[in-house]
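Q: Read off the chains here:
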Amino acid sequence: GAVVSQHPSRVICKSGTSVKIECRSLDFQATTMFWYRQFPKQSLMLMATSNEGSKATYEQGVEKDKFLINHASLTLSTLTVTSAHPEDSSFYICSARHSQNTEAFFGQGTRLTVV
Amino acid sequence: AQSVTQLDSQVPVFEEAPVELRCNYSSSVSVYLFWYVQYPNQGLQLLLKYLSGSTLVKGINGFEAEFNKSQTSFHLRKPSVHISDTAEYFCAVSERQGAQKLVFGQGTRLTINP
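Heads up: the protein sequence lines correspond to chains H and X, in order. Positions in the first sequence are counted from 1; adding 3 to them yields our numbering. Positions in the second sequence are counted from 1; adding 3 to them yields our numbering.
For reference, chain X alone in the conformation it holds in the complex (with noise of 0.2 Å):
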């Protein structure tokens, strides 16, 4: 089985600053890994993935989230933000076989202010 644990519930970030939005998991087999992002009252997007190579993976909107199997962690970052980056931000793996369904983290509610 697999668990995700984002560190941050909430993440208050002054626009035009960097961040870096936290992501631990737990797996006993090979993964995938995500980021999504949630507006209110919508669906998730899909920001970024790591399925293998690179451990560095850039996504949409400027993100990027780096991938380190030592620390079993893949932290989501963008060197600068923007006030239309204000959602909730939901780290998730699957496993690499079978149904490959997602288990989410707790989400992280990343908030930007003028």
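Just chain H, same shape as in the assembly (with noise of 0.2 Å):
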């Protein structure tokens, strides 16, 4: 199957600062790419929606001032968690999908701790 890559895998920062979370597809163009927020024990809650050289569309209740996406490229799309609190600790996962595929591909997910 396709490969996403997602980096950082863990990180910790400190509460005010910003954190990039990069997601990216190996060896397929990601048309679309999405990304899911999951507290412990929890399912994985949907954030936003990615295409390629748009803006992304940002589920109901999610600050899109506060987490920034960005899809410049058919390969790359980053989050970016702004002037982050101790709310905002969780595991962010990423997935991305070509236009003709019906299956998304997971990355490995980041596991995020605002200290």
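A few of these clues could be false.
Under the rule of at most 25 Å between Cα atoms (straight-line distance), these lysine-lysine pairs were calculated in the BS3-like manner [what the hints assert, rightly or not]:
(1) LYS58(H) with LYS52(X)
(2) LYS104(X) with LYS69(H)
(3) LYS67(H) with LYS104(X)
(4) LYS104(X) with LYS72(X)
Simulated DEER-style distance windows between Cβ atoms [to be verified]:
(5) SER86(H) with ILE86(X): 30 to 36 Å
(6) GLY65(X) with THR20(H): 43 to 49 Å
(7) SER31(X) with GLN63(H): 48 to 54 Å
(8) GLU67(X) with LYS17(H): 44 to 50 Å
Calculated directly from the structure, the hints in this document are not laboratory data. We put the CB at the ideal spot given by N, CA and C, even for glycine.
Make the complex out of the two chains shown on their own, each in a separate frame, by following the hints.
A: Structure, rendered in structure tokens:
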């Protein structure tokens, strides 16, 4: 199957700083990328959908100014958590899909801890 | 809008026993159906998917699922589980058109006991 690489796998940052998470499709062109957030022992909640070259579409309740998503190329999307606070600590997962494929492939996830 | 309900949050099973993880969905439009597995601190891996055709779908690691349109269910089964099957399992649906966003169920924690 296709490979999606997410980096970093773990990050600890101080409250008030910003953190960038990268999601790369290594062997296919990702026309659409999705960003999810997962709290401990809970399901994945979709945060936003991004299409290459377009602004991301955020789900209701997700602050677009806090969670900045960029999808500038067909192989890279980034999620920047701005002015992070302890309540932003969570597991963030990206997935990527090509327009002609019904299956989305997932990155390994990023464990963010804000102290 | 779609919703997914996984009826069991935890399922403990003895090794080599059969298992069924239940999933029901709700949608006003036609959907694709998926089962994913998640190991600790990792992303999701696709086990199997139903797009169309035969309602019995076979996936990786010996898993299979049956789509039942009348009962709006997509239960996951394995005839004989191994210790390595211990993980979190998620059922998901997506619309057939548009962005095809995945909507996930709450997850079922499958624990295999020796």
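Q: Decide, hint by hint, whether the structure agrees.
A: Hints, verified against the model:
no.: 1; hint: LYS58(H) with LYS52(X); in the structure: violated (29 Å)
no.: 2; hint: LYS104(X) with LYS69(H); in the structure: holds (22 Å)
no.: 3; hint: LYS67(H) with LYS104(X); in the structure: holds (18 Å)
no.: 4; hint: LYS104(X) with LYS72(X); in the structure: holds (20 Å)
no.: 5; hint: SER86(H) with ILE86(X): 30 to 36 Å; in the structure: violated (44 Å)
no.: 6; hint: GLY65(X) with THR20(H): 43 to 49 Å; in the structure: holds (46 Å)
no.: 7; hint: SER31(X) with GLN63(H): 48 to 54 Å; in the structure: violated (18 Å)
no.: 8; hint: GLU67(X) with LYS17(H): 44 to 50 Å; in the structure: holds (48 Å)
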